[in-house]
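> Residue strings, one per chain:
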Amino acid sequence: MENTILENSPNEHLEAETIPESFSEPISDSVFNKFFLEVASLTSFTWRFFKEVFKPPYEFNELMKQSFLIGYKSLPLIGITGFIIGLVLTIQSRPTLAKFGAESWLPAMVAVSIIREIGPVITALIFAGKVGSGIGAELASMNVTEQIDAMQVSCTNPFKYLVVTRVLSATIMLPILIIFSDAIGLLGSFVGVNLKGNVSTYLFFSQIFQSLEFGDLAPAFIKTIFFGFAIGLIGSFKGYNSYKGTEGVGKAANSAVVFASLMVFIIDMIAVQITSLFQN
Amino acid sequence: MKKNTSNKIKLGIFTSLGILVLILGIYFIGERQQLFRSTFHLTGVFKDVAGLQAGSNVRFSGVNVGTVDNIRIVSDTSVKVEILIDESTRKFIKKDALASIGSEGLMGNKILIIIPGTGGKKEIENNDMVETVQPINMDDVMLSLKKTIDNASSITTNLSSITGNIQSGKGTIGRLLMDRSLAQNFDSSIVNLKQGLFGLKNLMDDTKISFANNFDSTFVNLKEGSAGFKILMKKAKDSWLLWGF
Chain P
9 MENTILENSP NEHLEAETIP ESFSEPISDS VFNKFFLEVA SLTSFTWRFF
59 KEVFKPPYEF NELMKQSFLI GYKSLPLIGI TGFIIGLVLT IQSRPTLAKF
109 GAESWLPAMV AVSIIREIGP VITALIFAGK VGSGIGAELA SMNVTEQIDA
159 MQVSCTNPFK YLVVTRVLSA TIMLPILIIF SDAIGLLGSF VGVNLKGNVS
209 TYLFFSQIFQ SLEFGDLAPA FIKTIFFGFA IGLIGSFKGY NSYKGTEGVG
259 KAANSAVVFA SLMVFIIDMI AVQITSLFQN
Chain R
948 MKKNTSNKIK LGIFTSLGIL VLILGIYFIG ERQQLFRSTF HLTGVFKDVA
998 GLQAGSNVRF SGVNVGTVDN IRIVSDTSVK VEILIDESTR KFIKKDALAS
1048 IGSEGLMGNK ILIIIPGTGG KKEIENNDMV ETVQPINMDD VMLSLKKTID
1098 NASSITTNLS SITGNIQSGK GTIGRLLMDR SLAQNFDSSI VNLKQGLFGL
1148 KNLMDDTKIS FANNFDSTFV NLKEGSAGFK ILMKKAKDSW LLWGF
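Protein chains in written order, with the numbering used here: chain P, 9 to 288; chain R, 948 to 1192.
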């Protein structure tokens, strides 16, 4: 055995010298390959989620706890954001509509903008910033401190307990948060309309519901489910698969927000295309 | 444990409120589309619907009473519009009601307008076909407007050439307005006329005097003649030759 090593060792040394540096690099270090490796592991992570979600035992208590933390605790932030969006959009749109003498269209225009696009997307981005990073950092720190390994050792399924509950909570809670955000945004718009005008509450909301159709509401609501799922899944994925070490926690939180926000836009673009396909 | 329960209650309230807001939204949107009211169907056939869409409002006397349910092309010259109208307004819409297509303001959406029929007629029934008035197509309006503008343009061109001719003294009016010799001739004509009239006046005065004198002498002669005639007649009457007459 020793002889063979001795015999082979000079050749190996020669090979190491002659092979160019770029080829000697491990395949996974290339950015291109890294991306596809990431996509592959995200796909298997998603597949595992769907396998685990229907398999008992169900972690209802943890689901409730996560829903409370993810949904209820995000309401103030989402509410304030929604109110400001409605108010600002109304104030900014007024001069343009006033040029055409179409100020009476302000509630209808703002309502369609908020319900169809701005409400869901802005809320999802805020949600990605708060919840996506939260999930990523929490799971990454659990990974760093080997709590996930400890759970595995103690015969608890960490994926089911940590990932499934969080992804489900995000998927269920984001649509509800967006409903609140839209409603509060419309209230903000009402305040905005009345800053320089005088429109009664009844007339304002009557104009809003006159302008809205199910074709506006349904696609917007359905895409928020996908937004929530993407944010929860990417947050969990980044946290669950983080590098061991304190640096990994920061990286996981950061990349969770970046990728979740990007996914929100990608899903939105696909949703708009599908919606326009059905509406025309 | 207590905190856990309170959190669950908060979560329950949060979720319930969210779902309630969603249901209210769906209800109010559905209410506008007459989903939760009893409605009746009408159909109308148009040659051109001018951009009317399914879901557009239906107005009766300026009030939104329904929506356009469906629009289908039946043939190359007719489009069938199915209308959903609130049942409570049926009693006001008569058999001879008309449907026309209008718009909400100058730039607004297209709407279907129901023009009420005459009072004495029976009220319209479910699935009836309503008579239609063809909408004014903006393209036709623009075409007619273009013709008018073209005409106005040719008129102004003609007017411009006419005024140019007048200014350069061409034509009757041009000569009348722009020719100086005409004015001078006119002046001299006026002077001649004045002189002529003066002469005429003198002539008339002379004529008047001689005529009066002649008239007077004529009357004197006539008087003398009639006196002579009277005497002559008397003598003739006394004469034996004319006895018996």
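Hints were generated in silico from the structure; no laboratory data involved. From the three backbone atoms N, C-alpha and C, an ideal C-beta is built for every residue, glycine too. Check before you lean on any hint, since a few could be wrong.
Said to hold, decoys possible - To be clear about the criterion: a stretch of chain P counts as covered by chain R if any three or more of its residues have a C-beta under 8 Å from a C-beta of chain R, and this derived list gives those stretches:
| hint | region |
| --- | --- |
| 1 | 75-84 |
| 2 | 210-220 |
What the hints assert, rightly or not - In silico lysine-lysine, DSS-like type, Cα no more than 25 Å apart, as pairs:
| hint | chain 1 | residue 1 | chain 2 | residue 2 |
| --- | --- | --- | --- | --- |
| 3 | R | Lys955 | P | Lys138 |
| 4 | R | Lys1027 | R | Lys1041 |
| 5 | P | Lys107 | R | Lys1057 |
| 6 | P | Lys81 | R | Lys950 |
| 7 | R | Lys1038 | R | Lys1068 |
| 8 | R | Lys1069 | R | Lys1038 |
| 9 | R | Lys1184 | R | Lys1155 |
| 10 | P | Lys138 | P | Lys73 |
| 11 | R | Lys1042 | R | Lys994 |
| 12 | R | Lys1170 | R | Lys1155 |
| 13 | R | Lys955 | P | Lys81 |
| 14 | P | Lys42 | P | Lys252 |
| 15 | P | Lys63 | P | Lys73 |
| 16 | R | Lys994 | R | Lys1057 |
| 17 | P | Lys204 | P | Lys42 |
| 18 | R | Lys1042 | R | Lys1068 |
| 19 | R | Lys957 | P | Lys138 |
| 20 | R | Lys1027 | R | Lys1038 |
| 21 | R | Lys1027 | R | Lys1069 |
| 22 | R | Lys957 | P | Lys73 |
| 23 | P | Lys63 | P | Lys138 |
| 24 | P | Lys107 | P | Lys204 |
| 25 | P | Lys73 | R | Lys955 |
| 26 | R | Lys1093 | R | Lys994 |
| 27 | P | Lys73 | R | Lys950 |
| 28 | R | Lys1069 | R | Lys1093 |
| 29 | R | Lys1057 | R | Lys1041 |
| 30 | R | Lys950 | P | Lys138 |
| 31 | R | Lys1042 | R | Lys1027 |
| 32 | R | Lys955 | P | Lys63 |
| 33 | P | Lys81 | P | Lys138 |
| 34 | P | Lys81 | R | Lys957 |
To be verified - Every beta carbon over 12 Å from chain P, so not counted as near; a handful from chain R, in silico:
| hint | residue |
| --- | --- |
| 35 | Ile1018 |
| 36 | Ser1022 |
| 37 | Phe1039 |
| 38 | Val1088 |
| 39 | Lys1093 |
| 40 | Asn1098 |
> Compare the structure with each hint and give your call.
Structure-based check of each hint:
no., hint, result
1, 75-84, "holds (count 5)"
2, 210-220, "holds (count 4)"
3, R:Lys955 x P:Lys138, "holds, 21 Å"
4, R:Lys1027 x R:Lys1041, "holds, 20 Å"
5, P:Lys107 x R:Lys1057, "holds, 22 Å"
6, P:Lys81 x R:Lys950, "holds, 15 Å"
7, R:Lys1038 x R:Lys1068, "holds, 11 Å"
8, R:Lys1069 x R:Lys1038, "holds, 9 Å"
9, R:Lys1184 x R:Lys1155, "violated, 42 Å"
10, P:Lys138 x P:Lys73, "holds, 17 Å"
11, R:Lys1042 x R:Lys994, "holds, 21 Å"
12, R:Lys1170 x R:Lys1155, "holds, 22 Å"
13, R:Lys955 x P:Lys81, "holds, 12 Å"
14, P:Lys42 x P:Lys252, "holds, 18 Å"
15, P:Lys63 x P:Lys73, "holds, 20 Å"
16, R:Lys994 x R:Lys1057, "holds, 15 Å"
17, P:Lys204 x P:Lys42, "violated, 54 Å"
18, R:Lys1042 x R:Lys1068, "holds, 6 Å"
19, R:Lys957 x P:Lys138, "holds, 20 Å"
20, R:Lys1027 x R:Lys1038, "holds, 24 Å"
21, R:Lys1027 x R:Lys1069, "holds, 24 Å"
22, R:Lys957 x P:Lys73, "holds, 11 Å"
23, P:Lys63 x P:Lys138, "violated, 29 Å"
24, P:Lys107 x P:Lys204, "holds, 15 Å"
25, P:Lys73 x R:Lys955, "holds, 8 Å"
26, R:Lys1093 x R:Lys994, "holds, 24 Å"
27, P:Lys73 x R:Lys950, "holds, 11 Å"
28, R:Lys1069 x R:Lys1093, "violated, 44 Å"
29, R:Lys1057 x R:Lys1041, "holds, 23 Å"
30, R:Lys950 x P:Lys138, "holds, 23 Å"
31, R:Lys1042 x R:Lys1027, "holds, 18 Å"
32, R:Lys955 x P:Lys63, "holds, 24 Å"
33, P:Lys81 x P:Lys138, "holds, 10 Å"
34, P:Lys81 x R:Lys957, "holds, 10 Å"
35, Ile1018, "holds, 14 Å"
36, Ser1022, "holds, 23 Å"
37, Phe1039, "holds, 22 Å"
38, Val1088, "holds, 21 Å"
39, Lys1093, "holds, 25 Å"
40, Asn1098, "holds, 31 Å"
Checked against the numbered hints listed earlier, the structure breaks hints 9, 17, 23 and 28; every other hint is satisfied.
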